[in-house]
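Peer 1: Here is how the chains run, residue by residue.
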Amino acid sequence: MDAASFVQRRRRQLALAALLAVAVALIPLIVKDVYIQNILVLTLMYAALSQSWNILSGYCGQISLGHALYFGLGAYTSALLFTKFGVLPWFGMLAGGALSAAIALALGYPCFRLRGHYFVIATIVIAETAYLLVLNWEWAGAALGIDMPVRQDSWLTLQFARTKLPYFYFALVLASITWLVTWALEDSKWGYWWRAVKDNPEAAESLGVVVFHSKMAAAAVSAFFTAIGGAFYAQFVSYIDPDSVMSFHFSLLMALPAVLGGIGTLWGPALGAAILIPLTELTRSYMGGSGKGVDLIVYGTLIMVIALARPEGLVGLFRTRRREPAR
Amino acid sequence: MSPILETRSVTQRFGGLVANSDVSVAVERGEIVGLIGPNGAGKSTLFNLVAGVFPPTQGAIWFDGEDVTALPATARCARGIARTFQVVKSFESMTVIDNVIVGSLLCTSSMREARDKAFEVLAFTDLIHRAAAAASELIPSEKRRLEVARALATSPKLLLLDEVLTGLTSSEAHKGVELVRRIRDSGVTILMVEHVMEIVMPLVDRAIVLDLGRVIAQGKPRDVARDEAVITAYLGERHRARGA
Amino acid sequence: MTAETIIQSLASGLLMGLLYGLIAVGLALIFGLMDVVNFAHGEFLMAAMYATFGLAALAALDPLIASPLVAAAMFGFGALVYLGVVRFAMRAKANAGMVQIFATFGLAILMRGLAQLLLTPDYRSIPTSWLGGRTISISGIFLPAPQLVGALIAVLAFGGLYVLIRHTDFGRALEATREDPGAVALVGIDRNRIFALGWGLGAALVGLAGAVMAMFFYIYPDVGASFALIAYVVVALGGFGSVFGAFAGGILVGLVEATTAMILPPSLKSVGIYAVYLLVVFVRPRGLFGSL
Numbered sequence: 000m001d002a003a004s005f006v007q008r009r010r011r012q013l014a015l016a017a018l019l020a021v022a023v024a025l026i027p028l029i030v031k032d033v034y035i036q037n038i039l040v041l042t043l044m045y046a047a048l049s050q051s052w053n054i055l056s057g058y059c060g061q062i063s064l065g066h067a068l069y070f071g072l073g074a075y076t077s078a079l080l081f082t083k084f085g086v087l088p089w090f091g092m093l094a095g096g097a098l099s100a101a102i103a104l105a106l107g108y109p110c111f112r113l114r115g116h117y118f119v120i121a122t123i124v125i126a127e128t129a130y131l132l133v134l135n136w137e138w139a140g141a142a143l144g145i146d147m148p149v150r151q152d153s154w155l156t157l158q159f160a161r162t163k164l165p166y167f168y169f170a171l172v173l174a175s176i177t178w179l180v181t182w183a184l185e186d187s188k189w190g191y192w193w194r195a196v197k198d199n200p201e202a203a204e205s206l207g208v209v210v211f212h213s214k215m216a217a218a219a220v221s222a223f224f225t226a227i228g229g230a231f232y233a234q235f236v237s238y239i240d241p242d243s244v245m246s247f248h249f250s251l252l253m254a255l256p257a258v259l260g261g262i263g264t265l266w267g268p269a270l271g272a273a274i275l276i277p278l279t280e281l282t283r284s285y286m287g288g289s290g291k292g293v294d295l296i297v298y299g300t301l302i303m304v305i306a307l308a309r310p311e312g313l314v315g316l317f318r319t320r321r322r323e324p325a326r
Numbered sequence: 000m001s002p003i004l005e006t007r008s009v010t011q012r013f014g015g016l017v018a019n020s021d022v023s024v025a026v027e028r029g030e031i032v033g034l035i036g037p038n039g040a041g042k043s044t045l046f047n048l049v050a051g052v053f054p055p056t057q058g059a060i061w062f063d064g065e066d067v068t069a070l071p072a073t074a075r076c077a078r079g080i081a082r083t084f085q086v087v088k089s090f091e092s093m094t095v096i097d098n099v100i101v102g103s104l105l106c107t108s109s110m111r112e113a114r115d116k117a118f119e120v121l122a123f124t125d126l127i128h129r130a131a132a133a134a135s136e137l138i139p140s141e142k143r144r145l146e147v148a149r150a151l152a153t154s155p156k157l158l159l160l161d162e163v164l165t166g167l168t169s170s171e172a173h174k175g176v177e178l179v180r181r182i183r184d185s186g187v188t189i190l191m192v193e194h195v196m197e198i199v200m201p202l203v204d205r206a207i208v209l210d211l212g213r214v215i216a217q218g219k220p221r222d223v224a225r226d227e228a229v230i231t232a233y234l235g236e237r238h239r240a241r242g243a
Numbered sequence: 000m001t002a003e004t005i006i007q008s009l010a011s012g013l014l015m016g017l018l019y020g021l022i023a024v025g026l027a028l029i030f031g032l033m034d035v036v037n038f039a040h041g042e043f044l045m046a047a048m049y050a051t052f053g054l055a056a057l058a059a060l061d062p063l064i065a066s067p068l069v070a071a072a073m074f075g076f077g078a079l080v081y082l083g084v085v086r087f088a089m090r091a092k093a094n095a096g097m098v099q100i101f102a103t104f105g106l107a108i109l110m111r112g113l114a115q116l117l118l119t120p121d122y123r124s125i126p127t128s129w130l131g132g133r134t135i136s137i138s139g140i141f142l143p144a145p146q147l148v149g150a151l152i153a154v155l156a157f158g159g160l161y162v163l164i165r166h167t168d169f170g171r172a173l174e175a176t177r178e179d180p181g182a183v184a185l186v187g188i189d190r191n192r193i194f195a196l197g198w199g200l201g202a203a204l205v206g207l208a209g210a211v212m213a214m215f216f217y218i219y220p221d222v223g224a225s226f227a228l229i230a231y232v233v234v235a236l237g238g239f240g241s242v243f244g245a246f247a248g249g250i251l252v253g254l255v256e257a258t259t260a261m262i263l264p265p266s267l268k269s270v271g272i273y274a275v276y277l278l279v280v281f282v283r284p285r286g287l288f289g290s291l
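Chains as they are written, first to last, in numbering that gives the first Met the number 0: chain W, 0 to 326; chain V, 0 to 243; chain G, 0 to 291.
Everything labelled a hint here was simulated from the structure, so no lab data went into it.
Owing to the predicted nature of the structure, the values given are computational and were not obtained by experimental measurement.
Each residue gets a CB set at the ideal place from its N, CA and C atoms; glycine is no exception.
One should not assume that every hint holds.
As the list claims (entries may be wrong) - With a Cα cut of at most 30 angstroms, we get these calculated DSSO-like pairs of lysine-lysine:
hint : chain 1 : residue 1 : chain 2 : residue 2
1    : W       : 163       : W       : 31
2    : W       : 188       : V       : 156
3    : V       : 88        : V       : 156
4    : V       : 219       : V       : 156
5    : V       : 88        : W       : 188
6    : V       : 219       : V       : 174
7    : V       : 174       : V       : 156
8    : V       : 174       : V       : 88
9    : W       : 188       : V       : 219
Claimed, not checked - Label pairs and their computed distance ranges (CB to CB):
hint : chain 1 : residue 1 : chain 2 : residue 2 : range
10   : V       : 186       : W       : 115       : 38 to 46 angstroms
11   : W       : 153       : G       : 265       : 38 to 46 angstroms
12   : V       : 12        : W       : 300       : 53 to 61 angstroms
Given these sequences and hints, build the entire structure.
Peer 2: Written as structure tokens, this is what we have:
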């Protein structure tokens with residue numbers, strides 16, 4: 000194991016990702032079924048969202064179960080700017096991202112003093128408060144939410160009624176960007192410091208790591224990309240309301256793919272999303288109305304099994320095979 | 000040349016307990032100084048005070064000509080004070096080399112430089128063959144060396160070693176002593192807390208003895224070992240243990 | 000807002016607060032014992048409520064009569080959850096905290112799914128019970144009988160818990176295991192057994208709360224979720240691991256909720272509690288009476 004083999008491994012990861020991205024990009028050319036395309040878009044979106052969540056909660060170890068806050072912020076900022084002021088969603092999503100990052104930093108200031116369970120509960124409580132506030136905010140549509148009329152298919156307004164393909168490619172690009180950002184951060188000062196903070200904050204401090212700043216940086220990056228995902232979602236479904244973008248359920252949905260695939264790993268969130276989202280969607284539709292709760296049963300069992308049997312996630316299956324010969 | 004480390008009348012109180020009382024010691028550049036004393040003498044407290052874990056109730060700590068009393072551990076590390084932990088605190092989910100890289104990133108933002116430095120340090124501490132192993136897989140003596148390697152990677156001027164030689168087999172301890180000497184020879188000053196007299200006394204240039212929070216003796220190991228107060232401190236403890 | 004209505008609201012808040020405390024104390028107990036947060040606690044409450052409903056519907060048992068039975072059943076359930084799930088979660092070497100969180104979370108989601116599937120998402124309620132619909136007047140304040148009796152039961156339960164912890168061998172074993180889980184084996188205490196019993200006790204307490212609440216709350220698969228969050232807030236407010244903290248935290252939360260409801264629109268009544276939680280932990284990161 001030396002510097003050269005390390006560089007090689009990094010290049011291989013990049014090559015694999017590029018290959019996968021190209022392969023995925025070709026799928027819609029073969030699969031024309033709109034329903035399946037829809038599932039694919041959602042899978043890619045959740046891959047991106049979970050990858051963003053993973054940065055704060057996986058790499059830096061600060062488990063957030065309130066990320067719906069940032070997702071909702073992104074969705075609402077973009078939707079409100081679009082419907083009330085005619086601002087294009089491209090700018091809207093950047094605004095949402097910047098706002099989310101700023102709020103993440105502002106919240107981080109008091110929150111990162113909290114340890115363990117106190118922190119997790121604080122994230123839940125903050126997200127719930129935001130949810131309740133938006134629910135009662137008349138200008139933002141309150142419980143009725145925001146409806147975005149689709150006038151014509153346009154890349155400018157990121158609205159397409161006749162085909163899912165543009166959404167698909169946008170989601171693919173977003174998933175690729177979040178993967179790339181994670182890849183870059185993995186081999187960077189921040190990446191190393193985050194993992195040190197996760198494993199042992201006291202030891203990290205003794206090595207000169209300013210734990211607080213590390214957490215803040217992770218939170219800001221994570222919130223930024225989560226919000227962009229939210230803005231995208233708003234354009235994808237053309238209708239948002241507090242329940243669909245700010246609920247606790249959503250916070251969970253962002254975390255689960257990473258937990259399943261491998262929390263704190265590069266490929267975990269994407270792998271988890273690739274399994275969890277299609278599984279959920281298919282279960283829900285094939286079971287129909289009588290299947291109420293089956294998707295939850297599937298989720299719940301999967302999460303329990305992974306947490307107990309393979310806490311390092313499904314990527315662990317691939318890793319053990321690779322390690323043996325290296326000895 | 001001024002001493003690299005000075006504690007000036009440092010007193011540390013935890014509620015009603017006085018852990019360190021008016022401790023004024025100095026460590027010269029390039030020395031290996033041993034901090035010894037019976038249990039409860041206040042060695043760990045002094046150690047933590049120098050490392051910057053908490054500020055002293057009273058007194059000042061000077062490092063390399065600068066008053067660092069108000070600086071926390073992270074800032075002191077940036078100034079050149081590195082430490083190991085008695086209960087090893089390795090980054091369990093990371094590999095050995097990655098553990099060390101966390102340290103070497105203090106002085107450089109270039110990943111390549113950080114990685115090269117980490118390899119250097121691993122070679123220096125005789126851990127290079129375990130570079131790719133997960134920290135959780137190391138045996139205790141290797142974990143100790145990893146602690147030292149990580150601290151060394153921050154390019155310290157002063158290295159604080161917390162009982163790194165305790166509980167080792169004689170061959171491991173022998174290697175440990177060699178490593179400490181090599182570190183000093185490379186230009187790093189060392190302050191070490193230790194219990195194992197037979198190993199420490201031949202190793203250190205000077206010994207500082209604490210008992211009940213105060214300095215009761217300091218000087219060459221030979222002289223300190225013959226000091227009346229020191230003998231009483233240790234023998235007294237044995238008397239107490241026998242159930243007076 | 001007359002003085003009367005304010006006192007009325009606060010009184011109701013106090014009653015609810017005592018119940019919140021009862022819900023939360025099981026959580027605090029388990030955490031104090033073994034440093035694990037049961038993220039399925041809300042679902043335990045839900046299960047107890049459904050059990051009470053079942054006994055009322057199928058055996059015409061009044062919830063008051065059913066409550067000890069439900070508590071006993073939940074005791075067994077809690078112990079089983081420890082033995083079957085949590086015990087394994089505690090063995091994790093890396094990311095231990097994460098494993099515990101998600102293991103119990105998975106259980107919570109699973110339980111909710113099962114409830115939805117087997118019992119349907121329909122809202123249920125117990126149509127008639129001895130206390131249902133009755134109000135008791137205490138010096139001019141009208142309090143609903145079920146809530147009042149429920150609060151009384153909560154107080155009794157706290158009292159019983161206090162006696163159990165301070166004055167019985169089991170209680171002492173609990174304390175000992177809490178302080179030094181490694182050492183207790185040396186004095187013949189089986190750690191696993193204590194943990195299982197601890198989980199059982201914690202579940203029984205929330206089971207008792209569930210049985211009481213079934214008298215005046217709708218029962219549906221997601222009912223646990225909202226109360227769970229309140230329970231976590233109560234425990235975190237009072238300090239994880241502190242039984243007294245759960246009691247005090249519960250009362251505080253109940254009063255804050257009642258006060259908030261007087262000022263803000265009803266859908267925002269929880270915001271007051273959340274704000275108090277954040278305020279408290281920002282000032283005292285270990286909660287009001289936390290010992291960690």
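Peer 1: Please go over all the hints and tell whether each is borne out by the structure.
Peer 2: Hints, verified against the model:
The suggested pairing of residue 163 (chain W) with residue 31 (chain W) holds, with an alpha-carbon distance near 10 angstroms, which does not exceed 30 angstroms. Proximity of residue 188 (chain W) to residue 156 (chain V) is assessed by CA-CA distance (about 22 angstroms); at most 30 angstroms being required, the pair is judged to hold. Among the hinted pairs, residue 88 (chain V) with residue 156 (chain V) is consistent with the structure: their alpha-carbon atoms are about 21 angstroms apart, no more than 30 angstroms. Between residue 219 (chain V) and residue 156 (chain V) the CA atoms are separated by roughly 22 angstroms; this keeps the pair inside 30 angstroms, and the hint holds.
Proposed proximity of residue 88 (chain V) and residue 188 (chain W) is supported: the alpha carbons are some 20 angstroms apart, at most 30 angstroms. Our distance criterion of 30 angstroms between C-alpha atoms is met by residue 219 (chain V) and residue 174 (chain V), whose separation comes to about 23 angstroms. With a C-alpha separation of about 22 angstroms, the suggested pair residue 174 (chain V) and residue 156 (chain V) falls inside the 30 angstroms cut-off, and the hint holds. Our distance criterion of 30 angstroms between C-alpha atoms is met by residue 174 (chain V) and residue 88 (chain V), whose separation comes to about 21 angstroms.
A threshold of 30 angstroms between alpha carbons decides the hint, and for residue 188 (chain W) with residue 219 (chain V) the separation of about 43 angstroms lies outside it, so the pair is violated. Between residue 186 (chain V) and residue 115 (chain W) the beta carbons are some 41 angstroms apart, a value that agrees with the proposed interval 38 to 46 angstroms. A C-beta distance of roughly 42 angstroms is found between residue 153 (chain W) and residue 265 (chain G), which places it inside the suggested range of 38 to 46 angstroms. Hint check: residue 12 (chain V) to residue 300 (chain W), Cβ distance near 55 angstroms, so the stated range 53 to 61 angstroms holds.
This entry does not satisfy hint 9, going by the numbered hints stated previously; all others are met.
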